[in-house]
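Asker: Going down the list, the sequences are from chains S and F. Going by the numbering used here, the residue at position 117 of the first sequence is 117; the numbering climbs one at a time, nothing skipped. Going by the numbering used here, the residue at position 136 of the second sequence is 136; the numbering climbs one at a time, nothing skipped.
Wrong hints could be hidden among the right ones.
As the list claims (entries may be wrong) - Calculated lysine-lysine pairs in the DSS-like style (CA-CA distance at most 25 Å, straight line):
1) K46(F) - K149(S)
2) K112(F) - K152(S)
3) K152(S) - K46(F)
4) K68(F) - K127(S)
5) K149(S) - K143(F)
6) K143(F) - K156(S)
7) K143(F) - K46(F)
8) K144(S) - K98(F)
9) K150(S) - K68(F)
10) K156(S) - K46(F)
11) K143(F) - K152(S)
12) K98(F) - K154(S)
13) K150(S) - K112(F)
14) K156(S) - K98(F)
Keep in mind that the hints were calculated from the coordinates and are not lab data. Small disclaimer: the values here were computed from a predicted structure and weren't measured.
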Amino acid sequence: MNRMSIPEFIIELKKGYSGPLEYQQRSEKRVYIRVPRENIQDIAFVIFRKMGAKFSIASGVDVQKGFEVLYHFTFDRDNFICTVRTLAPRDDPKLDSIASIVPGALWIEREIYEILGVVFTGHPKLKRLVKAEFIGEHEFPFRKDFDQKKFKEKHKLPIPK
Amino acid sequence: MPKLSTKWIKKSPWVYHVGTGGCNNCDIEILDCLTPRFDVERFGIKLVVSPRHADVLLVSGPVTYHIKSRLQEVYQQVPKPCVVACIGACACSMGIFKDAYSVAGPVDRVIKEIDPNAIFVYVPGCPPKPETMIMALVKALQKI
Ligand code: SF4
Chain S
1 MNRMSIPEFI IELKKGYSGP LEYQQRSEKR VYIRVPRENI QDIAFVIFRK
51 MGAKFSIASG VDVQKGFEVL YHFTFDRDNF ICTVRTLAPR DDPKLDSIAS
101 IVPGALWIER EIYEILGVVF TGHPKLKRLV KAEFIGEHEF PFRKDFDQKK
151 FKEKHKLPIP K
Chain F
1 MPKLSTKWIK KSPWVYHVGT GGCNNCDIEI LDCLTPRFDV ERFGIKLVVS
51 PRHADVLLVS GPVTYHIKSR LQEVYQQVPK PCVVACIGAC ACSMGIFKDA
101 YSVAGPVDRV IKEIDPNAIF VYVPGCPPKP ETMIMALVKA LQKI
């Protein structure tokens, strides 16, 4: 059985997905695709449902322009990883939830929500998952502007010297 | 003469594994110990599924606020005397997670809050090798 290479994958992807897309191939095994945040559900549908990729994990990063959420899809049979990156602006950190398409994304979206503060609209149960109970709902420790010292003073935790 | 209870521990320590928020690498290394390559069962070291059966607690990871009360509860359920083995740099001294927003303290500090006389053995390393862990247990049991 022959394997699908990354350029072939992009051609295949463009057949199913018509929205704007920017891609960058880093190596034979890795491709990054950047899509606007309105299209994240469409691309997840094409990659996950139609092309049968496996959803590994999503990760969230605080970058200069806002919060970047990266969805990592693996193509086990074809031996490469496709990362879909999308940006939620800082003043309106909202993204469409892909949990209705990819059930495995339920928990990781909750986790990104609680520690980075990205709100996933359409998520069936968006509430905190792993953050300790005493930390407030609106304290996001993975944001760059999170002040460790103020946080520790507020909750009366030992302050490091 | 040693007490009867300590005599049994020395022959065949039963271990219980508690993960307290590490990066999972130490946990995997602990499981490595149980594989046929190292085969700790030939020394009588056996993994048990309940803290009530255990003689040694293998704790890996810095103690997060979430797990703090659970770790103390597990410790109280272990029949005494018991040994707490801090596996990895995180459990010994919080390691790379020092000063993080969610870390309550290293394992010894958390357990000493409820039992100041607890016995500890520290196995530093990130993660420690299975041989190191076996050696640490052997040394700890000689000292009891
Ligand atoms: S000591 Fe190293 S390997 Fe072990 S839990 Fe900590 S960071 Fe992970």
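Asker: For this structure, which hints from the list above don't hold up?
Answerer: Hints 1, 3, 5, 6, 10, 11, 13 contradicted; others consistent.
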